[in-house]
Amino acid sequence: MKILYVAGLTPNDTSLYRMWALERLGHKVIPVNAHDYRYRNPVAQKVFLRLATGPMVARLNRDLLNLAVVEKPDLLWTDKLLSMLPGTLDRMRAMGIATVSYMIDNPFGPRQDPGWRLYMKDIPHYDLHVVQRDKNILDYRQRGARDVIKIQTAYEPTIQYPPPDGWSDVNRNREVSFVGTPYDNRAETLSRLANLNEFGVTISGNARAWKKALGEGDFARLYREGELYRQQYREAIWRSKINLSFITHSNLDEFVHKSFEIAGCGGFLLAERSEGHLQRFREEEEAVFFSSYDELVEKIRRYLPDVEARERIAAAGCARALRDGYHNDRQVSLIVDRAQTIVNRLRTASAK
1083 MKILYVAGLT
1093 PNDTSLYRMW
1103 ALERLGHKVI
1113 PVNAHDYRYR
1123 NPVAQKVFLR
1133 LATGPMVARL
1143 NRDLLNLAVV
1153 EKPDLLWTDK
1163 LLSMLPGTLD
1173 RMRAMGIATV
1183 SYMIDNPFGP
1193 RQDPGWRLYM
1203 KDIPHYDLHV
1213 VQRDKNILDY
1223 RQRGARDVIK
1233 IQTAYEPTIQ
1243 YPPPDGWSDV
1253 NRNREVSFVG
1263 TPYDNRAETL
1273 SRLANLNEFG
1283 VTISGNARAW
1293 KKALGEGDFA
1303 RLYREGELYR
1313 QQYREAIWRS
1323 KINLSFITHS
1333 NLDEFVHKSF
1343 EIAGCGGFLL
1353 AERSEGHLQR
1363 FREEEEAVFF
1373 SSYDELVEKI
1383 RRYLPDVEAR
1393 ERIAAAGCAR
1403 ALRDGYHNDR
1413 QVSLIVDRAQ
1423 TIVNRLRTAS
1433 AK
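Numbering (this note's numbering), first residue to last: 1083 to 1434.
These are calculated hints, taken from the structure and not from any lab test.
Check before you lean on any hint, since a few could be wrong.
To be verified - Once the Cα atoms are required to be at most 20 Å apart in a straight line, the calculated DMTMM-like pairs of lysine to aspartate or glutamate come out as:
no. : residue 1 : residue 2
1   : K1381     : D1419
2   : K1203     : D1251
3   : K1232     : E1393
4   : K1294     : E1280
5   : K1217     : D1187
6   : K1381     : E1367
7   : K1293     : E1336
8   : K1084     : D1419
9   : K1294     : D1187
10  : K1154     : E1105
11  : K1084     : E1153
12  : K1294     : E1317
13  : K1232     : E1366
14  : K1162     : D1216
15  : K1381     : E1393
16  : K1381     : E1257
17  : K1110     : E1390
18  : K1381     : D1251
19  : K1110     : E1153
20  : K1381     : E1368
21  : K1293     : E1317
22  : K1232     : D1247
23  : K1294     : E1257
24  : K1232     : D1419
25  : K1162     : D1411
26  : K1162     : D1172
27  : K1232     : E1153
28  : K1110     : E1368
29  : K1162     : E1257
30  : K1217     : D1251
31  : K1294     : E1307
Claimed, not checked - Pair by pair, the computed Cβ-Cβ distance ranges are:
no. : residue 1 : residue 2 : range
32  : P1124     : K1154     : 52 to 62 Å
33  : G1226     : A1397     : 17 to 27 Å
34  : L1131     : E1380     : 35 to 45 Å
35  : R1144     : N1277     : 12 to 22 Å
36  : A1397     : D1145     : 46 to 56 Å
37  : K1154     : G1248     : 24 to 34 Å
Quick reminder that beta carbons are idealized off the backbone N, C-alpha and C, glycines included.
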């Protein structure tokens, strides 16, 4: 298929990795970087992020329609695009172009993030919505969605892969490690772990967010290496004896993107127990889980000194992730299969 692909496309955006998967699957992709439609003025950009309105919205939609006329794509694929006008989607369909929205986030979650105003209006106008939560299927249908499919988040196999042969605890300088955001009560949990003074706790991520969440003292003590992406992120997983993964309860998540990335990198995964995780990894064989702070401490105490068990479980988790397709190539192909049926239907309708 020829796909008009609209998303944030910096080297650190996972939407870029999904675009790569489309290309690896043999599709012709026409990329549009949504970041090119940001305001340089910080006040204007703040208003845009909250309300999704203004000249940049009009410009993006106008440019997409012009591209569609010239390129005649089979499919418009947007990835967490909050500035699409419903009328643009309707015009795409009138041109015989199927439309897909991939949404990694939860517009219906209790976190009440800003910026969803225009996207909510778009929901009935897309041909297909791709979501990560069972609950979202009902949410979207209640808002008039034409079709909804649940697809799990995935690791990027060209960047996230196991360490070289011979890698061992000699190479691991992070004992209990977390790379990510301080949502929910993560800062409190990690501070409590560190205050046990039994093992090292290392946090990486956005410095400003973690400094605010941890406070000056714990930030200085626990925070290391900054915000990690690509090679640095992969190697932080390699260098960690225990990789933590927390469910984002404020977003009603069922599983964690990070869990698949850790498994893809061959890291030892200690994740918050959830039905979504239990469906994807055999407990104590392919990953280790916890449901409370006390159980988290117990699992760390059990596995940190047991190198053989950690390496066995990490290898099994990595093999499961590869075998069951927890990577972008497999997950994106599932979306393409569903989208192809819509493309075929539109072609049939236009031929009549």
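*If you check each hint against the structure, which ones fail?*
Result: hints 1, 2, 3, 4, 7, 9, 12, 13, 17, 21, 22, 23, 27, 28, 29, 30, 32, 33, 35, 37 break, sorted rising.
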